[in-house]
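Modelling step: build the complete structure from the supplied sequences, incorporating the hints.
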Amino acid sequence: VSSSPADDSNVSASPEWAQTGARQALMYAAVGSVAGAVIALQIGVMRIFSEGSWAHFGSLVVSLAMLGFGLTSAVMCLARPWFERHWFGVIAASLGAFAPLVIGANLMAQQLPFNAIFLVSDPLQKWRLVANFALYLLPFLAGSVFLGTVFLRAKTVFGRVYFADLLGSGLCGLLTLVALFFVPSENLVLVPVVLGGVGGVLWFAGLGRPLGAIVMVLLAVVSGAAHLTLPERLNATTLAVSDYKGVSYARKFPDAKREYDSVSPFGHIEVYSSSYLHFAPGLSDNASLNLAQMPANAYLGLYMDGDGPIGVMRELSDKDSAYFHYLPMVYPYLITTAPKTFVVQFGGGISTMVALHSKASSVTVGESSPALLQAFRESDVLKKFTGDILSRVSVIPYDGRLYLANTNERYDVVDLSLADSAGLSNPGGFAIVEKYSYTQEAMQHYMRSLTDKGVLSVTLWNKEEPPKSVLKLYATMAAAAQANGDVDISKNFFVASSYLSTVTVLYKRGGFSAADIATLRKHTSSMSFDEIYSPGIVVDQKKAEHVFGDFRSTIFSTTSTDAATSGGAALVAADGDASVVPATSLYQLAWQSLIRNDWNTFEQKYLFDVRPLTNKRPYFAAYVHPTDLPLITDRLELFQDEWGYLLLWATLSIACVSGVIVIGIPVVFGWRTAFSRYPGKAQTIIYFACLGFGYITVEVGLIAQFVQALSNATVSASVLITGMLVFSGIGSFVSERFASQARVTLPKVCASIGVLLIAYSLLLNPVLNAIGGLPYALRLVCCFILIAPPAFLMGFPMATGMGALTRLKKEEMFLWAWGVNGCFSVIGAALVPLVATAFGLAVVIGTAGAVYLIAIPAFFGLLKPMRGTSAA
Amino acid sequence: MAPPVDSKEHFIEWMVTNRDEDPKFLAERWDRYQAMVTNGDLLNEQTRHAFLLTPREEFVRKNAQTHSYDHNFLDIGFGVTISGPHAVGRMTSTLDIKKGDKVLEIGSGSGYQSAMLGHLTDKVWTIEIIKPLAERTRGVYDGLIARGYSEYSNVRTKQADGYFGWEEAGPFDKIVVTCGIDHVPPALLQQLKVGGIMVIPVGPPGAQHVLKVTKEANPDGTVKIARSDIYNGKVVPFVPFTKLEANGIVGTHNK
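From first to last, the protein sequence lines are chains A and B.
According to this note's numbering, the first sequence holds residues 129 to 1000 in order.
According to this note's numbering, the second sequence holds residues 710 to 964 in order.
No lab work stands behind these hints, which were simulated from the structure alone.
One thing to keep in mind: the hints can contain errors.
For each label pair, taking beta carbons as the anchor points, the in silico distance ranges come out as [to be verified]:
| hint | chain 1 | residue 1 | chain 2 | residue 2 | range |
| --- | --- | --- | --- | --- | --- |
| 1 | A | K733 | B | T726 | 52 to 58 Å |
| 2 | B | D729 | A | P251 | 28 to 34 Å |
| 3 | A | P498 | B | P880 | 48 to 54 Å |
| 4 | B | H719 | A | E673 | 43 to 49 Å |
| 5 | A | R649 | B | E876 | 31 to 37 Å |
| 6 | B | D729 | A | D756 | 36 to 42 Å |
| 7 | B | E876 | A | G901 | 52 to 58 Å |
| 8 | A | T755 | B | H719 | 47 to 53 Å |
| 9 | B | H719 | A | P251 | 29 to 35 Å |
| 10 | B | D729 | A | F684 | 42 to 48 Å |
| 11 | B | T931 | A | P758 | 39 to 45 Å |
| 12 | B | E876 | A | L906 | 56 to 62 Å |
Ideal placement from N, C-alpha and C gives every residue a C-beta, glycine not left out.
Following this line, the structure appears as structure tokens:
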């Protein structure tokens, strides 16, 4: 019979943690504040990268920096006696160094910007990325040394310290998000400086050392002042914006003028005016034959975090707006009269402007970004320029997708055109983000909200070669129609595209009439667009094998002699018809497959993953089949738009290597010495790995899934981060009461978490969809209620596990366990989007549930008593 | 003026004698030329000569000169790249420029593309939207002209918004658009002659696909504008970056 962890309760608390009353409270508050400073730094670095270059590089740097926690723990684990002896100096040094390191590292990193698009071609850029990582790692190291040393000293009250850690992280995360409304990205580093400084003051106040508190104040103030004054004196930049960001080009136009500027958690919005800005997305080339000229000074450029431009159109006279007829967005208005129109996403307003000029009887627009609506409502420049466009339409101040899913209103035209994209290739690639507006479920809602003869029109950029996202759109829309009960969809669709420009898919409820088809075909021909699908179109399907084979060889050719012998010309003609480009042939074949309900065969033969988007897998990303990844390492330039996805694999690889190191260092140096008396080492590693992996998987997975109800990734992230950490903190605190029965209670807790998460994975989708129809405040409340049960329970295992190690006097393992937990957090964070894109978000949450179940037997290994100690 | 192409030594010797260029860069240019010919990036004789005669090293930034003849694109500042030699070769070959053709380039950038065009015809116009870059590139041309590269006098430059083309110089036989935009500017199509060709690289640097737009007369006298790729409805395999090694082309995939 082994002892219960609670039975070994003769471990005495360190003097500073044995204090009572106000001083004890100050100590806990210090831990919460410093943990919050680390979270604030993570958010700050992410924002800096979002604006300066690209968000996914920020994720990479933050993920790797968080590995610092794991590596610190490995070192501290080996040198535990030294850290215990010198705890005061170590903590004072780490607290004192935090603020100067935040400011210094950020300032230096901004002088060493790396350029994402040259990562493959210029070796120097890789070193710059490494330098950015190394610099931003430094303040994280200071934070991790502080927390590690605190945990070491506070072993006996770990549950409470961990509660303070989680609660502080959650609340400070929320505080940082509020700060995003007021503090521009270049000054966001001041938030962790303040929080770190407050943490330092509280710590020394708790120890009754006022001098230390004064030094902490001075260091924070001097660091903040240095950030605000040094760059100007040194002629250095505080936020280096890449020359390759859209806004950098606008700033270089000789007559560019910034007309609007606002910061918020929804991003940094800037609007520029310049005669050099021109927008007409998807304009037919034939406009040049029939229009004397395009209207001048008709556009403003709107930039989100420096990306764009999104075109904002001036209110034009009928003569000036004649070119609207040549835009793909005009399609639904060719076969409708005075339609009642719904624009799913307002964006810069181009679809809305086309609808208004196409004599729509009424126009309703949805827009999920409050910051964007505020810009159009409050900026005099934008109001005057657009003829106060929002006053002429009905505005749904949230996601149009959610509105249509929960309304009884019916519309003659539902339009989703070029949403979420400035359309031009993003040389740094795209982060993997959820596109719930384009999922099969969303399309079903759009189709259901049409009147009997209503038309859904979806326009997407068609600039990929070989095609990727367009094929996903086709498959998604066809699947939606079939799921809605259209048995034969051949009469319901009309599709036209312009090569390397745009593609428009029209769906008509009840099917197109002969007159509709004639009108659409005539217009397509007069615009010199390509007819991809229309009811009755004849497509030669014999060319299919050639097309599939040729496209595969464009990417996966393995010999240079193929091209060499061709003399630069083609290897194999796609169809013998030089007037039809392979992409157009491919699209035509794709629709024939969809009409035959044979998409599986198509996607098996095609070189990329082109499965439909669903609420479980809402991604225009991860097109490369994982099995093909080894084949593309020497041609990464071809996949620049997938670098966000590929970086996740890189992060995962690095995290795995680091995980091995964190686990390996103590194993190599201590397995036969320090740890030799510890039974159940492997189970202990598995237990804490499961907790690290499971917790982050739930957090990141739910952030992605809650966007479905909350419409905004930033809001979803803040709700989840705050909710999870606060509820888990409470769980950690409460867990202390059950520590004496841990052998009995913890398996039940882990089993409950597992069952709960597996149930969430199956049921969350419809629940979130229903929540999406509620008023926003109620949606937030519902989301917090959904988070609370698993998050509360997920606070138990870490605190209980660490408490058990303390009580069993497995002191060497204490910090090691914390490090293993941290490393597997990074592994989990990188794995979530990879699993989600391959298998769906339900699998992510279900996997997390399974991992908590695996933790149950591992926990019993952790409870094995030390050798040489007597069992109770 | 055409350099010998029978051997690397003859080429370098001729260029040193006639153009006083650095043998180191000439050797690299020759190697890249061999790779481009083998890859099928230089499809006609006049484009081959133009490549061999154009000192690419003069158009890249000083700190990147050692990479002048690498396969990849390079940063030239202002958020602009100089395309890789293979891409420039294919674009120029596709245009199939004849002596006397009027050619307009939108987006001068480094000036390298126009410099190659200057070897092919004496009527080249190029527009750059970014003022300091336009001035820098003009300076490069003036410096080269002063050193005896008289063919660059064929290139007329101006800093302006290329969206509206260069109406007073048009119409043009060929137009190259090297800047990103969400549609083909109607003014450029209007300034393209019937029978003319316009090429536009689309996509991120290094993974660009070249759009070819042609303006043709229908039998009934109306005009038709058609889009295609530069390979006439065919696909060409991606060739991993290559270089010449021991008289053979070696791709990075072979390593």
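Here is what the structure says about each hint:
1. A:K733 x B:T726: 52 to 58 Å: The hint (52 to 58 Å, Cβ to Cβ) holds, given that A:K733 and B:T726 are roughly 57 Å apart.
2. B:D729 x A:P251: 28 to 34 Å: holds, 32 Å
3. A:P498 x B:P880: 48 to 54 Å: Given range 48 to 54 Å: holds, Cβ gap about 49 Å.
4. B:H719 x A:E673: 43 to 49 Å: holds, 47 Å
5. A:R649 x B:E876: 31 to 37 Å: holds, 35 Å
6. B:D729 x A:D756: 36 to 42 Å: The hinted range 36 to 42 Å is violated for B:D729 and A:D756, with Cβ atoms some 50 Å apart.
7. B:E876 x A:G901: 52 to 58 Å: holds, 55 Å
8. A:T755 x B:H719: 47 to 53 Å: Since the Cβ atoms of A:T755 and B:H719 sit about 49 Å apart, the hinted range of 47 to 53 Å holds.
9. B:H719 x A:P251: 29 to 35 Å: holds, 34 Å
10. B:D729 x A:F684: 42 to 48 Å: For A:F684 against B:D729, whose Cβ atoms are near 45 Å apart, the range 42 to 48 Å holds.
11. B:T931 x A:P758: 39 to 45 Å: Given range 39 to 45 Å: violated, Cβ gap about 52 Å.
12. B:E876 x A:L906: 56 to 62 Å: Taking Cβ atoms as reference, B:E876 and A:L906 lie about 59 Å apart, which means the hint holds.
The structure shown violates the earlier hints numbered 6 and 11.
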